[in-house]
Amino acid sequence: DQQVKQNSPSLSVQEGRISILNCDYTNSMFDYFLWYKKYPAEGPTFLISISSIKDKNEDGRFTVFLNKSAKHLSLHIVPSQPGDSAVYFCAASALGAGNMLTFGGGTRLMVKP
Amino acid sequence: DGGITQSPKYLFRKEGQNVTLSCEQNLNHDAMYWYRQDPGQGLRLIYYSQIVNDFQKGDIAEGYSVSREKKESFPLTVTSAQKNPTAFYLCASSKGEIYEQYFGPGTRLTVT
Chain A
1 DQQVKQNSPS LSVQEGRISI LNCDYTNSMF DYFLWYKKYP AEGPTFLISI
51 SSIKDKNEDG RFTVFLNKSA KHLSLHIVPS QPGDSAVYFC AASALGAGNM
101 LTFGGGTRLM VKP
Chain B
114 DGGITQSPKY LFRKEGQNVT LSCEQNLNHD AMYWYRQDPG QGLRLIYYSQ
164 IVNDFQKGDI AEGYSVSREK KESFPLTVTS AQKNPTAFYL CASSKGEIYE
214 QYFGPGTRLT VT
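Line by line, the protein sequences give chains A and B.
Residue numbers for the first sequence follow my numbering, so the first one is 1 and each next one is one higher.
Residue numbers for the second sequence follow my numbering, so the first one is 114 and each next one is one higher.
Read the hints as simulated data drawn from the structure, not as lab findings.
Any given hint might turn out to be false.
So these bits of chain B aren't anywhere near chain A, every CB distance computed over 10 Å [unchecked claim]:
id, residue
1, 128
2, 132
3, 167
4, 193
Here are the simulated DSSO-like pairs of lysine-lysine, each with C-alpha atoms no more than 30 Å apart in a straight line [as the list claims (entries may be wrong)]:
id, chain 1, residue 1, chain 2, residue 2
5, A, 54, B, 208
6, A, 71, B, 170
7, A, 112, B, 183
8, B, 127, B, 208
9, A, 37, B, 170
10, A, 5, B, 196
11, B, 183, B, 196
12, B, 122, B, 184
13, A, 54, A, 71
14, A, 56, B, 170
15, A, 71, B, 208
16, A, 5, B, 208
17, B, 127, B, 196
18, B, 122, B, 208
19, B, 127, B, 170
20, B, 170, B, 122
21, B, 208, A, 37
22, B, 170, B, 196
23, A, 68, A, 56
24, A, 37, B, 184
25, B, 208, A, 68
26, B, 170, A, 5
C-beta atoms are modelled at their ideal positions from N, C-alpha and C, and glycine is treated no differently.
Kindly produce the complete structure, drawing on both the sequences and the hints.
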């Protein structure tokens, strides 16, 4: 039973355009959400996060939106660059679960020059 | 500079042998984690440790064992009981109440 789902295994975007990566969750106890970026044969690196008390968090070209009623979050990358090509994982933490994270299956983003 | 190191990067073993993967951090983080990633899949939690001398099973602990004798070190042993040990193994750490986990570079284990 996957509590965090990334339904698009891959996404292809033209350089300079917007990339939108989506994530859905089922556990209403999740109160903190994170996005990680991963290159092949490397560990994931933390990208951006959002608390459930907010609906938007922005950091440079990266913006995360949270829709709690729909149990949905998305990561927007504007403008997309070829170096953004990687696998993106969303992760969630539940209230009272300490630092435990539940990860989605990942979306492979390919940004074409 | 601080970080998480995992060694070796690639590891090859024969079926039936136990193998230990190293994970060391100098970030002064309290919590450490082991994940497994299979091709096309997300990260699945094997074991985690919130403090020294204490650890808990994650979602897929069967066939694995860990120890946490020092704050900096959290080695993972893949035993012969693990049915599908070939995978990419990731170690992570986090500090106290902070949610963000920081990952090491990973170890790719191949068992034949």
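In rising order, the numbers of the hints this structure does not comply with: 7, 8 and 14
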